[in-house]
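Work the whole structure out from these sequences, hints included.
The chain contents come next:
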Amino acid sequence: MKSALTDACTLKLENFEGPFDLLFYLIEKNQIDIYDIPILEITEQYLDYLSAMQELDLDIASEFLVMAATLLHIKSRMLLPKREPLVEEEMVDPREELIIKLLEYKKYKECSKMLADREKKWSGAHFKLPEVIPDIVAQEELEVSPETLRMCMMSALRKYRDKMDDVSKKMKRILNQEKVSLRSKVKEILGFLKNGVRLCFSKLYNHKEKSRLEVATGFLAALEVVRTGQASIHQHVDFGEIYLTPNEKNKNDKNPVSLIEDE
Amino acid sequence: MGSIKDTEIIIEALLFASGDPVPLEKIAEIIGHDKKTTKVIMANLQYKYQNTPRGILLREINNAYQLCTKPELDEYVQQLGTIRRKQGLTPQAYETLAIVAYNQPVTRAYIEQIRGVNSDGVLMKLVERNLVEEVGRDDTPGKPKLYATTEEFLRVFGFSSLKELPPLAMNEIPEVYENVPMD
Amino acid sequence: MGSIKDTEIIIEALLFASGDPVPLEKIAEIIGHDKKTTKVIMANLQYKYQNTPRGILLREINNAYQLCTKPELDEYVQQLGTIRRKQGLTPQAYETLAIVAYNQPVTRAYIEQIRGVNSDGVLMKLVERNLVEEVGRDDTPGKPKLYATTEEFLRVFGFSSLKELPPLAMNEIPEVYENVPMD
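Protein chains in written order, with my numbering: chain A, 1 to 263; chain B, 1 to 183; chain C, 1 to 183.
What the hints contain is simulated information worked out from the structure, not anything from laboratory work. C-beta atoms are modelled at their ideal positions from N, C-alpha and C, and glycine is treated no differently. One should not assume that every hint holds.
Partner residues aside, some chain C positions facing chain A, computed with beta carbon under 10 Å [claimed, not checked]: (1) D20; (2) P23; (3) P91; (4) I114; (5) R129; (6) L131; (7) P166.
Result set (BS3-like, lysine-lysine): computed pairs, CA atoms no more than 27 Å apart in a straight line [claimed, not checked]: (8) K86/C x K70/C; (9) K120/A x K5/C; (10) K143/B x K125/B; (11) K5/C x K48/B; (12) K109/A x K145/B; (13) K121/A x K39/B; (14) K70/C x K5/B; (15) K36/B x K26/B; (16) K113/A x K163/B; (17) K39/B x K163/B; (18) K5/C x K121/A; (19) K86/C x K26/C; (20) K26/C x K120/A; (21) K125/C x K145/C; (22) K39/B x K86/C; (23) K35/B x K70/C; (24) K120/A x K106/A; (25) K125/B x K107/A.
Here's what the structure looks like:
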């Protein structure tokens, strides 16, 4: 279809950036409600433009052709006899998708007017060239954060706790060993006492021959034996010799160590 | 350095000498106040520049401050004959810029989906003019480049930050926005 | 263009945009007054710049005019050129500093007890950097030196007092803190 349109608008043709742009031009020119586009008219006009472009030997970008196909498709769907919608099936306006896209495009098209206005205004604001200020490298400034400080404290305390846990484990191990050795010392002492002899502590556990730990354990063992009433202990002068004397009634006790807990 | 007045004097000297935008932190450091206080001082100063008979105004761009002549005095400043004027943008460029500005970071595919037309050339022009820049790659198949607006964009269009972009007419078609795939 | 006020506004914009000196004739031409009147306007303006709290002043050089920052503000302007090198603390330094900060005053032995390693070097570094200082001697055998944080410490961390130290989550590790011997 040839029309005045073809001639009047040829100049503008190459200015259309894309199919949406062209559609918008048509919608505005015809004062069409975007929500109710008369698809027959618009498709016709759109195709007119395309053929005008062809006549002018303009390269028609593929996007324009895709839109033409879309418009024709919508048109054919609009022309189909309306049938009763099936239950559960919504009647979808074939134009809906196009309208949505057009509206989305419209937002930015309007926005570009705003941008152009602002640019025009602010291009009138002039800046001053910087003055020459020599660079001086100042002392190093520390970059620190309170939170990191807190984290460091927490982790130091955590590490410390783990270390202490470790130490107390070691202590426990030592104490366990001690227990075993205390048991054996008690046995040892009772072994001697069985013979009904008075024991001289320094003969049994002399710190010159035995380790300090052993002497101490030996002393504990001696106290243990006294506590259980199997022997009595005497020391005649301060720092003098310590004697252990077996008590008669327990002389032959078979199981004297029972008072020390088993593990 | 005592009063606010003295502080304002120092700030004016700083901004004048710098010419370029001076970051808030730098101003705070020099005037010896924390950033929060400095921000209040700057807002006050901005108001003063606006509301006294001055030929210059104080602009905020991305938390930095810069003095410039009032745009409405352009006709006089032009007469100095030393000012180069930059070329305006094409309609395509504004449109594309608007899509980037409101949706950043965006892929080229996203822009093209909205514009309905190939946007490679126009996008490259915007990058050339330093209004748009690549800011990384999307985490979708093909790892397409992502674009966002630059500080120059804020300067050219007189925004102090992206928050100042006027809202788009969203309420008209609320459901659409969700329907547009992110690339 | 009407009032003197408007004229002054234009002149400010002109001189600002130019940066360089603008000849009297040029100003006269742009504001649409003769040279004589313009000279009076400029003298007036010069007086105003001098006598209002401004960071810039209006200089006349050979019948041309230029805005510049007030020379007495130079020390501030120079600071625009200072580049501060940011530096962090090593993890060891942070840890030691934390122990001092949260337990001050402390002896070196105390720090080493918690850290489980010799802390002489790191403590000396902190003293050198003025984050930690000697504050006396402990009243225990050997009279060990006591260390505490400095005012510089408060400054770099942005605390106004030690009360602002972020609280430790004591519930997380309550027993440890109690077990730490106070020396």
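Structure-based check of each hint:
The interface hint given for D20/C is met, as the beta carbon of that residue sits about 9 Å from the closest beta carbon of chain A, less than 10 Å. With 10 Å as the threshold, the beta carbon of P23/C stays out of range of chain A, its nearest partner Cβ sitting at about 18 Å, so the hint is violated. For the restraint placing P91/C at the interface with chain A, the shortest Cβ-Cβ distance is roughly 7 Å, inside the 10 Å limit, so the hint holds. Below 10 Å, beta-carbon pairs count as interface contacts, and I114/C has one with chain A at about 5 Å; its hint therefore holds.
Here the hint on R129/C is kept, as its CB sits about 8 Å from the closest CB of chain A, short of 10 Å. The closest approach between the C-beta of L131/C and any C-beta of chain A is roughly 8 Å, which is under the 10 Å cut-off, so the hint is satisfied. Contact between P166/C and chain A, as hinted, is supported at the beta carbon level, the nearest pair being about 4 Å apart and thus within 10 Å. For the hint pairing K86/C with K70/C, the CA-to-CA distance comes to about 30 Å; that exceeds 27 Å, so the pair is violated.
With a C-alpha separation of about 26 Å, the suggested pairing of K120/A with K5/C holds against the 27 Å cut-off. Between the alpha carbons of K143/B and K125/B the distance comes to roughly 22 Å, so the proposed pair stays at or under 27 Å and holds. Distance hint between K5/C and K48/B is fulfilled; the C-alpha atoms sit about 16 Å from each other, no more than 27 Å. For the proposed pair K109/A and K145/B, the alpha carbon gap of about 24 Å is at most 27 Å, so the pair holds.
For the hint pairing K121/A with K39/B, the CA-to-CA distance comes to about 26 Å; that is within 27 Å, so the pair holds. Note on K70/C and K5/B: the hinted pairing holds, with a Cα-Cα distance of about 15 Å set against a maximum of 27 Å. The hinted pair formed by K36/B and K26/B meets the criterion: a straight-line CA distance of about 13 Å does not exceed 27 Å. Restraint check: the Cα-Cα separation between K113/A and K163/B comes to about 19 Å, which is no more than 27 Å; the hinted pair holds.
With a C-alpha separation of about 17 Å, the suggested pair K39/B and K163/B falls inside the 27 Å cut-off, and the hint holds. For the hint pairing K5/C with K121/A, the CA-to-CA distance comes to about 22 Å; that is within 27 Å, so the pair holds. Taking the CA atoms of K86/C and K26/C, the gap is near 47 Å; set against the 27 Å cutoff, the hint is violated. Straight-line distance between C-alpha atoms of K26/C and K120/A comes to about 26 Å, which keeps the hinted pair within the 27 Å bound.
Among the hinted pairs, K125/C with K145/C is consistent with the structure: their alpha-carbon atoms are about 16 Å apart, no more than 27 Å. Restraint check: the Cα-Cα separation between K39/B and K86/C comes to about 23 Å, which is no more than 27 Å; the hinted pair holds. The hinted pair formed by K35/B and K70/C meets the criterion: a straight-line CA distance of about 25 Å does not exceed 27 Å. Between K120/A and K106/A, the direct Cα distance comes to roughly 21 Å. Compliance with the 27 Å bound is thereby established for this hinted pair.
Taken as a hint, the K125/B and K107/A pair is honoured in the structure, with Cα atoms around 22 Å apart against an allowance of 27 Å.
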